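Line by line, the protein sequences are chains B and W.
Just so we're aligned, residue 1 is where the first sequence starts under my numbering, counting upward by one.
Just so we're aligned, residue 1 is where the second sequence starts under my numbering, counting upward by one.
Don't read these hints as lab results, they were simulated from the structure.
Keep in mind it's a predicted model, so treat the numbers as computed, not measured.
Residues of chain B clear of chain W, computed beta-carbon distances all greater than 12 Å:
1) L18
2) H75
3) S84
4) D85
No farther apart than 30 Å at their CA atoms in a straight line, the calculated lysine-lysine pairs in the BS3-like style are these:
5) B:K58 to W:K41
6) B:K101 to W:K64
7) W:K66 to B:K101
8) W:K64 to W:K41
9) B:K101 to W:K55
10) B:K101 to W:K41
11) B:K101 to W:K20
12) W:K20 to W:K64
13) B:K68 to W:K41
14) W:K41 to B:K109
15) B:K58 to B:K68
Heads up, the beta-carbon is just placed ideally off N, CA and C, and yes, glycines get one too.
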Amino acid sequence: AQSVTQLGSHVSVSEGALVLLRCNYSSSVPPYLFWYVQYPNQGLQLLLKYTSAATLVKGINGFEAEFKKSETSFHLTKPSAHMSDAAEYFCAVTYSGGYQKVTFGTGTKLQVIP
Amino acid sequence: GAVVSQHPSWVICKSGTSVKIECRSLDFQATTMFWYRQFPKQSLMLMATSNEGSKATYEQGVEKDKFLINHASLTLSTLTVTSAHPEDSSFYICSARVGGPGEQYFGPGTRLTVT
Numbered sequence: 001a002q003s004v005t006q007l008g009s010h011v012s013v014s015e016g017a018l019v020l021l022r023c024n025y026s027s028s029v030p031p032y033l034f035w036y037v038q039y040p041n042q043g044l045q046l047l048l049k050y051t052s053a054a055t056l057v058k059g060i061n062g063f064e065a066e067f068k069k070s071e072t073s074f075h076l077t078k079p080s081a082h083m084s085d086a087a088e089y090f091c092a093v094t095y096s097g098g099y100q101k102v103t104f105g106t107g108t109k110l111q112v113i114p
Numbered sequence: 001g002a003v004v005s006q007h008p009s010w011v012i013c014k015s016g017t018s019v020k021i022e023c024r025s026l027d028f029q030a031t032t033m034f035w036y037r038q039f040p041k042q043s044l045m046l047m048a049t050s051n052e053g054s055k056a057t058y059e060q061g062v063e064k065d066k067f068l069i070n071h072a073s074l075t076l077s078t079l080t081v082t083s084a085h086p087e088d089s090s091f092y093i094c095s096a097r098v099g100g101p102g103e104q105y106f107g108p109g110t111r112l113t114v115t
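When you get a sec, could you build the whole thing from the sequences and use the hints?
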């Protein structure tokens, strides 16, 4: 079975500050991990993905995430928050074989304070 | 990039009626599409996997007779909520599988309100 846990349903940062959104995964096989962003009343957009290549993954809009197997983590970071980053962020996990069902975390709502 | 559209974006219907939601891949062919349901301030719950030309695979606990899924072509999947009730009110999102495992392009979602 696979699962992801996102710590903190709400995160507030000041504009220009570091963004850190936490995600821990559980998977019995090597995982593929994703971060998606959702703006109000919209579908999800892929930010970045880890598929067993480089452990530090760079995505769109200046976001990046590091896969740490020893910590079973895939935290999302951005050095400097922008007002346009305010949205809901979902961590997700799947694996390379079989049914490839994607399991999403419960989401973290990022608020950026001017 | 790949674009997935949904129609309608918002629908209000009366209890007991049926509603059809369309999911289209606009510039690519999607052999596999997914239907999710999202409750307010919650994550996405996978309802079913829709494969072109075959029956959908429903997740445990999802009523297949209530949520009818049809994937008749490589660019269109439909979700019909039959005999809708207020508890069916939710945000329904479809996605299409592209690229590697887990990679999906999502539609903008359809907000269903049953009165």
